[in-house]
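So the protein lines, in turn, are chains A and F. Okay, so the first sequence: first residue is 3 according to our numbering, each after it adds one. Okay, so the second sequence: first residue is 882 according to our numbering, each after it adds one.
Simulated from the structure, these hints should not be mistaken for lab results. Heads up, some of the hints might be wrong.
[Said to hold, decoys possible] The following residues of chain A were derived to be distant from chain F, with all beta-carbon distances above 10 Å: (1) Lys7; (2) Asp93; (3) Ser94; (4) Asn128; (5) Tyr240.
[Unchecked claim] Partial pick of chain A residues on the chain F-facing surface, computed with a CB cut under 10 Å: (6) Ser25; (7) Arg106; (8) Arg157.
Glycine included, C-beta positions come from ideal geometry on N, C-alpha and C.
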Amino acid sequence: MIEVKDLQKSFGDSHILKGITTSFEKGKTNLIIGQSGSGKTVFLKCLLGLFDYEEGSICYEGKNFSKLSRNEKTNLRSEMGMVFQGSALFDSMTIAENIMFPLRMFTKQSKSEMEDRVNIVLKRVNLDNAHDKKPSEASGGMQKRVAIARAIVNRPKFLFCDEPNSGLDPKTAIVIDNLIKEITEEFDITTVINTHDMNSVMEIGKKIVFLKDGLLEWEGSNETIFKTENEAVTDFVYSSELFRKVRKMYLEEDTK
Amino acid sequence: MTYLHNIGTYFIMIKDIFRRPTKWSVMKPLILKDIDDLIIGSLGIVAFISFFVGGVVAIQTSLNMTSPLMPKYLVGFATRQSIILEFAPTFISIIMAGKVGSFITSSIGTMRVTEQIDALEVMGINGINYLVFPKFIALTLYPFVISIAMFLGILGGLMACVYGGYGTMEDYIEGVQLDFIPFHFIYAFLKTLVFAFLLATIPSYYGYFMKGGALEVGKASTTSFVWTSVMIIIVNFLLTSLLLG
Chain A
3 MIEVKDLQKS
13 FGDSHILKGI
23 TTSFEKGKTN
33 LIIGQSGSGK
43 TVFLKCLLGL
53 FDYEEGSICY
63 EGKNFSKLSR
73 NEKTNLRSEM
83 GMVFQGSALF
93 DSMTIAENIM
103 FPLRMFTKQS
113 KSEMEDRVNI
123 VLKRVNLDNA
133 HDKKPSEASG
143 GMQKRVAIAR
153 AIVNRPKFLF
163 CDEPNSGLDP
173 KTAIVIDNLI
183 KEITEEFDIT
193 TVINTHDMNS
203 VMEIGKKIVF
213 LKDGLLEWEG
223 SNETIFKTEN
233 EAVTDFVYSS
243 ELFRKVRKMY
253 LEEDTK
Chain F
882 MTYLHNIGTY
892 FIMIKDIFRR
902 PTKWSVMKPL
912 ILKDIDDLII
922 GSLGIVAFIS
932 FFVGGVVAIQ
942 TSLNMTSPLM
952 PKYLVGFATR
962 QSIILEFAPT
972 FISIIMAGKV
982 GSFITSSIGT
992 MRVTEQIDAL
1002 EVMGINGINY
1012 LVFPKFIALT
1022 LYPFVISIAM
1032 FLGILGGLMA
1042 CVYGGYGTME
1052 DYIEGVQLDF
1062 IPFHFIYAFL
1072 KTLVFAFLLA
1082 TIPSYYGYFM
1092 KGGALEVGKA
1102 STTSFVWTSV
1112 MIIIVNFLLT
1122 SLLLG
């Protein structure tokens, strides 16, 4: 579980996060949504410890990140997995080497133990025969699955995903969404996803945090988002005709 | 203020190169790869340039010795002094700032643009140690490249002198051996080690701390070449004043 209290972050004179208080639960897919410039990426980078913040606190299973020593921070980071928007795979390594990388860095496992773990994880993301390919030889969807495999190979407690569906076709996007959801539940990890994708919101948003102008405007789930009367949320989520119709149908079903 | 900020960040980066070291089993292949990329991969161009510039120095010296009173062995002497004192350590380093420096900046810069450095940091890895330390160690072998440049430069001078009809082999070799001062070698290799440090760290700084996209990677490579060359020239002046002045 991750608890965020009154988080504030500025860059020079521009106040990006203006006091966010929320929590992200274990075993659930937690989504951060909001318009471009709402502070989603800054919030995610604060959660990852990539940005320092001026005010507030972030506690990972009770441990306040800003109060940890450098070594404790390093240890905590080794418990985090991250899926970047562009996958961020290491070009010079094969897919298997990419996935093995966190194991080589943080464990004392033998080569055969690491290879076994890589095989298990690759199988889990349905990439059995991709070991020796370079990332540049893999499709966008494959690269995302490799990134997920690398993020979970060291059994993290926290998984962060930045726009995991960007640049993917709708069918592959659903595959990636479902994979993240299954992995979250299977390994009981705290997953936080930064997304613009409304399909993800509807499909896997067990908890949704909506940011507007650096403030937490609304929080709920993929069920309560249909019923919300919050104008900022409805403007953003139901901006397309298709989603307005879906919402109408959902509410009609619900009243019956 | 920006310059001061950049200089401060550069020195903090140098400290971080040695902080929180990466596991040796991971670091070893990185060092070997960088030796291959930065040292072995540069030998061809260094050999080619040194050989022909050595030849040109010998020809130019010979053509400018118009007085019949000047002994012919001065061609070998002048070539040796130019190659050992300046051409091999300094001008090869400027060429390397273009070749190796641009490679370092663009490879690290591309990792920054594609979030690979962010991925390292999220994993709790000291990205500066992981990326810059192997280059720093690989470039401690840089004096080996410079000694090859010295040898081939003098050999190129000999070939040009003898086969171009500017003098005899005996005269040239006599000139190469004339008034040899061993400290000149120490001076040259001391300079080379300092230049190796600049070649490893300045381009890494420009790659690691770059912001933006593909266009900025190109700009960072150019800026890194300019500043590495400027620093080599300034440090060359200071070291020459201190050691030979």
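These are the hints, each one checked on the structure:
no.: 1; hint: Lys7; in the structure: 22 Å, holds
no.: 2; hint: Asp93; in the structure: 8 Å, violated
no.: 3; hint: Ser94; in the structure: 8 Å, violated
no.: 4; hint: Asn128; in the structure: 22 Å, holds
no.: 5; hint: Tyr240; in the structure: 32 Å, holds
no.: 6; hint: Ser25; in the structure: 21 Å, violated
no.: 7; hint: Arg106; in the structure: 5 Å, holds
no.: 8; hint: Arg157; in the structure: 14 Å, violated
Checked against the numbered hints above, the structure violates hints 2, 3, 6, 8; every other hint is satisfied.
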